[in-house]
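K.L.:
Sequence:
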Amino acid sequence: CKCEKSPQTGGRLQFSCIRVECPEFFRRPPPPGCYNLYEHDKCCSVGRVCGQQKEVAQRCEYKGQTYNIGEKFYPDEEPCRKCICQPGFNGSFTEPTCRKFSCNYELTYVRPITDGCVPVFYGEKRCCPIEWRCPKDSDSVITQVSKSGPDSGKTCQFGELTLRVGDKLNSQGGVEIECTCTIPPHPLCVRKQY
1 CKCEKSPQTG GRLQFSCIRV ECPEFFRRPP PPGCYNLYEH DKCCSVGRVC
51 GQQKEVAQRC EYKGQTYNIG EKFYPDEEPC RKCICQPGFN GSFTEPTCRK
101 FSCNYELTYV RPITDGCVPV FYGEKRCCPI EWRCPKDSDS VITQVSKSGP
151 DSGKTCQFGE LTLRVGDKLN SQGGVEIECT CTIPPHPLCV RKQY
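Taking UniProt numbering, the leading residue of the sequence shown gets 1, the next gets one more, and so forth.
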């Protein structure tokens with residue numbers, strides 16, 4: 001990433017980051033009996049394992065799925081962890097097999113943050129956002145009757161709107177995204193799982 005003046009922000013400084021596009025994202029998946037090999041601290045695959053090499057490799061088991069040495073997986077119990085199957089995996093999501101990763105909000109999502117948007121997460125797995133919900137003139141607050149007693153006085157801000165804890169934003173265009181003021185100062189938006 002580098003810091004530079006941006007025409008999109010009226011000449012203000014902002015971080016500009018190059019997104020890594022790995023070759024494996026643009027070609028067919030490995031042929032049957034092969035898999036891509038990954039290492040921590042490398043963005044893209046570092047090779048491919050096929051045939052005889054695959055047969056002698058140790059494996060990792062997670063939720064009934066078998067992973068070969070060098071294959072990556074993302075544990076449901078630890079949404080912000082990436083695991084790469086390694087010898088000695090004992091089912092715990094700790095180093096050296098698993099590492100916590102960062103979404104780098106400040107670098108990757110400067111534009112939506114400065115535009116007052118809030119992240120949208122998929123289901124209950126809240127790590128990196130899958131999209132952003134930005135303020136619109138058509139937004140409105142759906143007030144919830146509090147069952148928990150007196151108002152805490154804490155609120156969430158979304159554009160020009162103020163939401164009390166428990167209040168929701170109206171949904172947009174039939175999209176199944178629910179935005180609720182649960183932990184101020186911003187609403188939490190979740191795309192429902194099907």
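One thing to keep in mind: the hints can contain errors.
Label-pair ranges, simulated between beta-carbon atoms [to be verified]:
| id | residue 1 | residue 2 | range |
| --- | --- | --- | --- |
| 1 | Y74 | C34 | 35 to 45 Å |
| 2 | T182 | E160 | 49 to 59 Å |
| 3 | E106 | E131 | 15 to 25 Å |
| 4 | G47 | E77 | 42 to 52 Å |
| 5 | R59 | L161 | 23 to 33 Å |
| 6 | Q86 | G123 | 20 to 30 Å |
| 7 | G47 | G11 | 38 to 48 Å |
| 8 | Q58 | S140 | 52 to 62 Å |
Hints listed in this document are in silico derivations from the structure and should not be mistaken for laboratory results. No residue lacks a Cβ here, since even glycine has one placed at the ideal position from N, Cα and C.
K.L.:
Look at each hint and say if it fits the structure.
P.N.:
So, going through the hints one by one against the coordinates:
1. Y74 with C34: 35 to 45 Å: violated, 21 Å
2. T182 with E160: 49 to 59 Å: violated, 20 Å
3. E106 with E131: 15 to 25 Å: holds, 18 Å
4. G47 with E77: 42 to 52 Å: This hint is violated: roughly 29 Å between Cβ atoms.
5. R59 with L161: 23 to 33 Å: 51 Å Cβ-Cβ, so the 23 to 33 Å window is violated.
6. Q86 with G123: 20 to 30 Å: Taking Cβ atoms as reference, Q86 and G123 lie about 28 Å apart, which means the hint holds.
7. G47 with G11: 38 to 48 Å: This hint holds: roughly 44 Å between Cβ atoms.
8. Q58 with S140: 52 to 62 Å: Distance hint for Q58, S140 holds at roughly 56 Å.
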